[in-house]
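Number of protein chains: 2
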Amino acid sequence: MELQSALSELLPDPEQVSVGETIRDHHGQDLSYVRKGLPDVVVFARSKEDVSRVLAFADSHRLPVTPCGVRTSLEGHVIPVEGGVSLDLTQMNQILEIRPRDFLVRVQPGVTRMQLNKALKPYGLQFPLDPGADATLGGMAATNASGTTAVRYGVMRSQVLDLEVVLANGEIIRTGGLSLKSSAGYHLTGLFVGSEGTLCVITELTLRVYAIPETTVAVRAVFPHLSAAGDAAFDMMNSGIVIGRIELVDEFTMDAVNRAKGTSYDLRPTLFLEFHGSDAAVQADLAIAREVCNDSGCVDFIFETETEARNQLWDARHDAALAVIQTAPQKKMKVTDVCVPLSELSQAIRAARAIIDAHGIYGAILGHVGDGNYHVIFMVNPEDAKEMRVAEEVNRQIVRYALERGGTCTGEHGVGLGKIAYLAEEHADTLPYMKALKKLFDPNGILNPGKLFKRF
Amino acid sequence: MELQSALSELLPDPEQVSVGETIRDHHGQDLSYVRKGLPDVVVFARSKEDVSRVLAFADSHRLPVTPCGVRTSLEGHVIPVEGGVSLDLTQMNQILEIRPRDFLVRVQPGVTRMQLNKALKPYGLQFPLDPGADATLGGMAATNASGTTAVRYGVMRSQVLDLEVVLANGEIIRTGGLSLKSSAGYHLTGLFVGSEGTLCVITELTLRVYAIPETTVAVRAVFPHLSAAGDAAFDMMNSGIVIGRIELVDEFTMDAVNRAKGTSYDLRPTLFLEFHGSDAAVQADLAIAREVCNDSGCVDFIFETETEARNQLWDARHDAALAVIQTAPQKKMKVTDVCVPLSELSQAIRAARAIIDAHGIYGAILGHVGDGNYHVIFMVNPEDAKEMRVAEEVNRQIVRYALERGGTCTGEHGVGLGKIAYLAEEHADTLPYMKALKKLFDPNGILNPGKLFKRF
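So the sequences go chain by chain: A and B. With our numbering, the residue at position 122 of the first sequence is 122, and numbering never jumps. With our numbering, the residue at position 409 of the second sequence is 1409, and numbering never jumps.
For the record, the hints were derived by calculation from the structure and aren't laboratory data. A couple of the hints might just be wrong.
Said to hold, decoys possible - Heads up, incomplete: computed chain A residues facing chain B, CB under 7 angstroms, no partners named: (1) Val155; (2) Thr175; (3) Leu180; (4) Ala184; (5) Gly240; (6) Ile243; (7) Ile288; (8) Val340; (9) His427; (10) Thr430; (11) Leu440.
Said to hold, decoys possible - Cross-link-like lysine-lysine pairs, in silico, DSS-like; alpha carbons within 27 angstroms at most: (12) B/Lys1435 - A/Lys435; (13) B/Lys1036 - A/Lys439; (14) B/Lys1435 - B/Lys1332; (15) A/Lys435 - B/Lys1118; (16) B/Lys1439 - A/Lys439; (17) A/Lys439 - B/Lys1118; (18) B/Lys1036 - B/Lys1331; (19) B/Lys1435 - A/Lys48; (20) A/Lys454 - A/Lys36; (21) A/Lys435 - B/Lys1331; (22) A/Lys36 - A/Lys386; (23) A/Lys454 - B/Lys1439.
We put the beta carbon where it would ideally sit given N, CA and C, even for glycine.
The task is simple: from the sequences and hints, build the whole structure.
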């Protein structure tokens, strides 16, 4: 109660501070298997000044602060494992400026990607990154998210030109500018992107946006086996055509989709593709893609150009995670997120399947084939210690396989709570310097404590 | 002599250490107007162990170390202004591994981009970044270089997946991995890229490479005036076609080219374009580009598909800087490097022309129109204090104009010695943290002292 009133005094509106059980409970969990950790209090920030005052207070009182958006994170990033303040930024959801002739927007961190795309559409513009969930842009920057379009547009770190952030001591700073490139000094913008709320709280982002292509074509290409799909993917990447998305969905996932949606898709490895550009260019690229797929023994090649039919075709891919969740609705989702060198992907997916089978559990596999990033989704009961142990063992073996080949434990979901040990293994060289950076920007360790590393 | 023998003892071969006057003199200058600063000794590193031993020695003796490649930098980055060691990395020029199916290469820092492209060609691959000079890849990473293809492939920071670096204390660490994306912890790779030799010495790079497109077409499009060219550039960017390069050359530069090469190009603002992809896609994009150019009053639209003719067409752009140098061969080059929001570019170039004219000097303008980055090249005599003052005043006004519009003082050349004051102005918020980072990684300030900031 004391904390609640102390925080309320810092903010314009007492409604911005809540200790209600339901709200605290909501803010104690994300989309993942990670068991909840309740905050003592939830603060709804409405301005950078709110954030600044809360952090300055927290810093002087050594009070943990865990920033969050719509909490679609998959590794427990937003769970306040040490209690304290859950700093909710969803009310900072204004699109501050659209600069169509600069291909830029300025947004508050609580704006979601779909909200932004809706606002951009009248300008013929889009923010193409698509991690699946309708995440906030602040959250996407915090984890360096990407998703199905990274093969064409790159990851979140490549989209952020400028950040306004509040540091642990309450100081508000800007890190970048409005030009599309810069070589002016150390790249603090890129350091803060992907820092998972442990170095600063993002209060504003300047992002690149892109022209909506004249034509977009979606393709579903079915293959007799995994390596045929993998070969086709490589040959397409190597052909010099412009690929908008290239996703691999395995037969187990297709089965989950059929069961969830009542569809009857082929139970075989399937590539979901998207091509975009000028109409003639897309037709040309589509012809090459079809040829490449056929050369790899593709058994079915379906394409759609009209928006609705195209969306329907992609539904199977878009709803895949949801479909897998529906195989065990009473459980929670655990998702691996390794990324391997491109040439290793088919083999890595086969190895993952063998690991899953050896442990007798159910797992669906989805891959961003253009990046070497794939996910195994399994449904777990966080209260069942044995089930959690098996799931973690499967994850551990999949991560180890990736690390042995120069890959990473996380392509896009971030470290959070779930990959602390793997980060230490993957970046043994730089971990001491990551901890030194943490100490530099957050000497009292109030920002999202317990994430990325346990101690620093 | 004492220093020479101390360093020689650290290295396998006494030939690796030189105090010869000619060699020291070479290592006291770069391509730019900056007056030379002689090193006491030049060390030619041949391995990471060499670098490590030299740095450990230098760190314990507080001896300045200025790393360098082929010294094509344009702001004095490689000039050892505080004496000490010029650490020459050009003998570390091995291409260590080409991984065609991963679209990756591993190289030593002294490999130049043309050397790499020659080795990649048999694989149908390319490293597309083109800053003009045949710079070393280590140097390009150190300044976050880019050039004419950034509009398509991004800047150097987006190409580097992994670095092996030696820290000031001699410690050798790896920062990244072989996967195309990662969200594993703080992005040290991106922090070291662009750090201009002030945080570490790069001893190995893992870089993305790309399929050579099936077809490439080069275009020269001549416009009646600057804003027509600017409008055409924007409309092309907005059309959703894939642009490989899009460069603006002003009439003054075309004049210098004509004089240097005996050509008779139109003395009007000219866009040099490149389109690439599958043959049909390129033909389609080319048709759209022509239409867009015509709509903006283009008076001439010449395109070439065959390699030789294409290169010839691009000669005027490629050799533009050289042509400007030939207008005053006894002088040295000073180049501005601001980058502004895209919509501001035409106006910024007009303003730059007015600033140049108001000061009665000769300046040629070239622009990377897809990025908002443009250069004014003027020839100066570094010994002529008045001429240097005028040139700096012109630069100052051009930078001020860019900063007032959210731009940057340097789009791709870096800060070096020449933009220390502008960096402080542009990044007043983050400068204290840049200095703190410098202190963290190089507490004794031995690495490239005097660059980026005077003191930290």
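Hint by hint, here is what the structure shows:
1. Against a cut-off of 7 angstroms between C-beta atoms, the interface hint on valine 155 of chain A holds, since the closest Cβ of chain B lies about 5 angstroms away.
2. Proximity of threonine 175 of chain A to chain B holds as hinted, the smallest CB-CB distance being about 6 angstroms (cut-off 7 angstroms).
3. Satisfaction of the interface hint for leucine 180 of chain A is found here, the shortest Cβ-Cβ separation to chain B being roughly 5 angstroms, below the 7 angstroms cut-off.
4. Against a cut-off of 7 angstroms between C-beta atoms, the interface hint on alanine 184 of chain A holds, since the closest Cβ of chain B lies about 5 angstroms away.
5. Evaluation of the glycine 240 of chain A hint against chain B yields a held restraint, the C-beta minimum of about 4 angstroms falling below 7 angstroms.
6. Interface restraint check: isoleucine 243 of chain A against chain B, minimum CB-CB distance 11 angstroms, threshold 7 angstroms, status violated.
7. About 6 angstroms separates the beta-carbon of isoleucine 288 of chain A from the nearest beta-carbon of chain B, less than 7 angstroms, and the hint is met.
8. Evaluation of the valine 340 of chain A hint against chain B yields a held restraint, the C-beta minimum of about 6 angstroms falling below 7 angstroms.
9. Contact between histidine 427 of chain A and chain B, as hinted, is supported at the beta carbon level, the nearest pair being about 6 angstroms apart and thus within 7 angstroms.
10. The criterion of a C-beta within 7 angstroms of any C-beta in chain B is met by threonine 430 of chain A, whose closest approach is roughly 5 angstroms, and the hint holds.
11. Satisfaction of the interface hint for leucine 440 of chain A is found here, the shortest Cβ-Cβ separation to chain B being roughly 6 angstroms, below the 7 angstroms cut-off.
12. Restraint check: the Cα-Cα separation between lysine 1435 of chain B and lysine 435 of chain A comes to about 18 angstroms, which is no more than 27 angstroms; the hinted pair holds.
13. Under the criterion of a C-alpha separation no larger than 27 angstroms, the hint pairing lysine 1036 of chain B with lysine 439 of chain A is inconsistent with the structure, at around 39 angstroms.
14. At roughly 31 angstroms between alpha-carbon atoms, lysine 1435 of chain B and lysine 1332 of chain B are farther apart than 27 angstroms, so this suggested pair is violated.
15. Pair hint lysine 435 of chain A plus lysine 1118 of chain B does not hold up; C-alpha atoms about 41 angstroms apart against a cutoff of 27 angstroms.
16. Distance check on the hinted pair: lysine 1439 of chain B and lysine 439 of chain A sit about 13 angstroms apart at the alpha-carbon level, within 27 angstroms; holds.
17. Restraint check for lysine 439 of chain A and lysine 1118 of chain B: the C-alpha separation of about 45 angstroms exceeds 27 angstroms, so the hint is violated.
18. Proposed proximity of lysine 1036 of chain B and lysine 1331 of chain B is supported: the alpha carbons are some 14 angstroms apart, at most 27 angstroms.
19. Of the supplied pair hints, the one linking lysine 1435 of chain B and lysine 48 of chain A holds, its CA atoms being roughly 25 angstroms apart against a limit of 27 angstroms.
20. Restraint check for lysine 454 of chain A and lysine 36 of chain A: the C-alpha separation of about 17 angstroms stays at or below 27 angstroms, so the hint holds.
21. For the hint linking lysine 435 of chain A to lysine 1331 of chain B, the alpha-carbon distance of about 49 angstroms lies beyond 27 angstroms, and the restraint is violated.
22. Straight-line distance between C-alpha atoms of lysine 36 of chain A and lysine 386 of chain A comes to about 19 angstroms, which keeps the hinted pair within the 27 angstroms bound.
23. Only pairs whose Cα atoms come within 27 angstroms are accepted, and lysine 454 of chain A paired with lysine 1439 of chain B is accepted, the gap being roughly 25 angstroms.
Checked against the numbered hints listed earlier, the structure breaks hints 6, 13, 14, 15, 17, 21; every other hint is satisfied.
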